[in-house]
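Student: Each chain, written out:
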Amino acid sequence: MNDSQQVRLGERTSRFDAAAKVCGAEHYAIDHYPEGFVWAGARRAGVAHGLLRSVETAAAERIPGVLRVLTARDVPGTNRYGIIHKDAPVLADTKVRHAGDAVALVVAETKEALQQALAALIVVIDPLPPVCTVDAALAPDAPLVHEERTEGNVLVHAVIEKGNAAAAFAACAAVVETTFHTPVQAHAFLETENGLARSNEDGTLEMIVSTQAPFRDRFEISHALGIPFDRIVITAPYLGGGFGGKDGATVQCLLALAAVSLPGRWIKMVWDREENLIAGYKRHGARLEYRAGALGDGTLHALECRLYYDTGAYAHLGGEVLGLGMEHAAGPYRIGNAHIEGWCVYTNNPVAGAMRAFGVCQVSFAFEQIMDLLAEKLGMDPLAFRLKNALLKGDVNAASVRLTTSTGIVECLRKIGKHTLWLNREAWKAAAPRHKKRGIGLAAVWNAMGYGKNVRDSAIAKIALGEDGGFIVTNGVADMGQGNASTFAQIAAALLGQNAGRMRVIQPDTVSALPSGSSSAGRTTYAYGNALVKACEELKHRMINRAGLILFVDDDRDLRLVPGAVEHAPSGRTIPLDRLASFMKPEERISMHHFVTPVVTDLPDTGKGLAYGFPHLFFAYGAHCAAVEIDLLTGIIDVAAYATVTDGGRVLNPALFEQQIEGGVAQGIGYALMEECLAGEGILRTPNLSTYIIPTALDIPSIDTDWVETDETSGPLGMKGVGEIAMNGPLPAIANAVADALGTRICHAPFRPERILAAIRESML
Amino acid sequence: MKISFTLNGAEIRMETAPDRRVVDILREDLGLTGTKEGCGTGECGACTILLDGVTKLSCLMLAAQIDGREITTIEGMAKSGELHPLQEAFVESGAVQCGFCTPGMVMAGAALLEQNSAPSDNAIRTALSGNLCRCTGYQKIVDGVKQCCRKEHEKKEPS
Chain A
1 MNDSQQVRLG ERTSRFDAAA KVCGAEHYAI DHYPEGFVWA GARRAGVAHG
51 LLRSVETAAA ERIPGVLRVL TARDVPGTNR YGIIHKDAPV LADTKVRHAG
101 DAVALVVAET KEALQQALAA LIVVIDPLPP VCTVDAALAP DAPLVHEERT
151 EGNVLVHAVI EKGNAAAAFA ACAAVVETTF HTPVQAHAFL ETENGLARSN
201 EDGTLEMIVS TQAPFRDRFE ISHALGIPFD RIVITAPYLG GGFGGKDGAT
251 VQCLLALAAV SLPGRWIKMV WDREENLIAG YKRHGARLEY RAGALGDGTL
301 HALECRLYYD TGAYAHLGGE VLGLGMEHAA GPYRIGNAHI EGWCVYTNNP
351 VAGAMRAFGV CQVSFAFEQI MDLLAEKLGM DPLAFRLKNA LLKGDVNAAS
401 VRLTTSTGIV ECLRKIGKHT LWLNREAWKA AAPRHKKRGI GLAAVWNAMG
451 YGKNVRDSAI AKIALGEDGG FIVTNGVADM GQGNASTFAQ IAAALLGQNA
501 GRMRVIQPDT VSALPSGSSS AGRTTYAYGN ALVKACEELK HRMINRAGLI
551 LFVDDDRDLR LVPGAVEHAP SGRTIPLDRL ASFMKPEERI SMHHFVTPVV
601 TDLPDTGKGL AYGFPHLFFA YGAHCAAVEI DLLTGIIDVA AYATVTDGGR
651 VLNPALFEQQ IEGGVAQGIG YALMEECLAG EGILRTPNLS TYIIPTALDI
701 PSIDTDWVET DETSGPLGMK GVGEIAMNGP LPAIANAVAD ALGTRICHAP
751 FRPERILAAI RESML
Chain B
1 MKISFTLNGA EIRMETAPDR RVVDILREDL GLTGTKEGCG TGECGACTIL
51 LDGVTKLSCL MLAAQIDGRE ITTIEGMAKS GELHPLQEAF VESGAVQCGF
101 CTPGMVMAGA ALLEQNSAPS DNAIRTALSG NLCRCTGYQK IVDGVKQCCR
151 KEHEKKEPS
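The listed protein sequences derive, respectively, from chains A and B. Going left to right, the first sequence walks through residues 1 to 765 as our numbering numbers them. Going left to right, the second sequence walks through residues 1 to 159 as our numbering numbers them.
Derived from the structure by calculation, the hints contain no laboratory data. Glycine included, C-beta positions come from ideal geometry on N, C-alpha and C. Some hints could be false.
Examples of chain A residues lying across from chain B (beta carbon under 10 Å, computed) [as the list claims (entries may be wrong)]: (1) Gly10; (2) Ser14; (3) Glu26; (4) Ile661; (5) Glu662.
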């Protein structure tokens, strides 16, 4: 953005953070190399399930340059962390539950000494039979992943019930039943998990971490290591990507442990890509058993589904991920009768946790194929069938929540129906070259915004008028790349009538910023933005009042903020902001305000078992259309074109809105076509980026991004979050396009060529 | 070993282990943290630099390989405070989100434009296909390269 340009809302402007990033000048956590720092690293178990007999450290300790070798015995505190369930050890003590468990921590002067020491540790583990699938975990005689959970390996089992689904099928003219499988996906952010920590003489623990939740991290470390949380100071610079994978402790507890064992030294830990893939969080793999029915007139009538999510060795937010999947399991549709039952189970697979579209992209794959299957059985057009059943404001969704906030799915569907991709589909398909088949697929998706009921979702914004007449926004929610920091500057500049050059945003640290929750759940700009709007209004009010005092005018209503000054409109007299600042006391120049995201108050009598984050009041909506061309000889799918229409309320900056949608679509295309963490007996077989494949520029088509502007009246300036919604569309849209092309449906993602070839062969039988 | 090389126009002489990775020399020894490391195994392109004008992955290069050569990193792209035209185009087109792939993308894109001042979409995507981005879906990065070509073309032939 041009520094001298006046900032407005709704206009396409470049990001405030882009110039520093494009020069390589932005300092991410990984770019900090403080004077005298040393390296820390973890030894991973390498065994999916077993009893940890011993960790022999003597040989490692003898290596020159090795400063500390720590095992579970050296952990003060509970040695347990976890956002809701404190079930994950910092260092494994009696047992290892997945191959990425850390069993020892080494601190060394150099990377070389660190690597030698990690290799020199002798770790003795008596293997136990690993629990590698949901079915194995649920078997009556299954080995227990967590021995203290004597009731079995189920983390959460819950039911959402509406009407009487079992009885409702009798009236249905069309009934379909299918089981779907979705893969384990890795976040694959480019900046791997990393951070720095130093234990200071005054008892404080100072940290710089690539984290989505600096405020919560303090409590995780405090619980695990017994360090009072108010002594922990965490700075969260811009992240090199997060997508949920840095929401929850990664390096934090390990670094804190290393730091308290070696006070006074900065300690740096960087997971390499292999460690990121083995030990980092993942998206839950799922099995989704669906049965759905519609009446003869095309009214969706009954749904029964059973959802099984594999959370791996530790809970992270697995129960809440399942819960959000269940809440969205019926799609953005009216349906009278639903029985949605879910199980989130422990296994010895890598730990699944939060990832963009948090449990929702799994069910999107299922319900949107179910919609096409039902439409086909009813002989209806898939778009018309969706439109007939799409939720309207005032409707009650399958979780029995009445929609009282902006609900734009019908508008999204209508608009996608007018897109040339959809309108010209028959002609495009007919023009397929030899040995190729083409198909067009639709998907209607939704995604809740905010943490939901029973998880306070709040933010506290802080803005200050600086002595130089500029403004400083102290961001409270880490910016992992989505651009919330830039949007905060844009909101503040627009409300204060200022140019971009006058705005500065400080990234969060737990001293300067105020607790504003995690960078997640599509809630970042909504929650902090709402608080910021009020903080700006208060500051503006105060500045006008003090300017009135200085300009000696009778009526403050004649004063207004203009770029760099407060102006008395009738006389044209102005006071420059730096001068105004010099008249104001420091505490007057700081304005803080808070916001708490509203929740559903008229609670449905369902969702038993979903203790946290159910249900939700706000949703973003989207309609996607994919055009695919399938090579019948190789099974390779080319996504030739892609279009989206999204309801995210009012669009504050089209450029950033498009960034979120395009990025979500690309991750969704990866999820549909190639991405899958494969584990054999709990050992990851895809531990690098040449076996875990993510899309390159050649795999992603040009994406047409459009929107419908509903007005989310509760939102800051009418907006609601769109960070997650786009991730939900590509897998089902591509699945429906593949079915359209081949006449056979593939219910197991991703659609790698061998699966497509098998389906082609099957369709020819 | 002693090595000497040109880095962003300046002569550098240093004593280093011959097997020290170039990415570590840049980031840890010389403090040029604009060059990023995303995988360490040559798969992501975040560590892309120019060696005698040709894109190379600095995580796969060792100290001895840069002796006597000319290196450009992202820090050398802006000249006397002016952004390189591609950097400017990336800012304007919205090609930057988390920004961690951006330095490598800029290097790869700039190297392409040196070879081909009017690349097709496919040529752009091919040239950038060794650089992974997890945020953008690549569209605005491709747009940035195209916008840069357009502007450079307009500069040369004012209408």
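Student: Compare the structure with each hint and give your call.
Tutor: Okay, the hints, checked on the actual structure:
Taken as an interface hint, glycine 10 of chain A does not check out: its beta carbon lies about 16 Å from the nearest beta carbon of chain B, beyond 10 Å. The interface hint given for serine 14 of chain A holds, since its Cβ lies 5 Å from the closest Cβ of chain B, which is under the 10 Å cut-off. Restraint check, glutamate 26 of chain A versus chain B: the minimum CB separation of about 6 Å is within 10 Å; hint holds. For isoleucine 661 of chain A, the shortest C-beta to C-beta distance to chain B is roughly 8 Å, which falls under 10 Å, so the interface hint holds.
For glutamate 662 of chain A, the suggested interface contact is upheld, since its CB lies about 4 Å from the closest CB of chain B, less than 10 Å.
In this structure, the one hint that does not hold is number 1.
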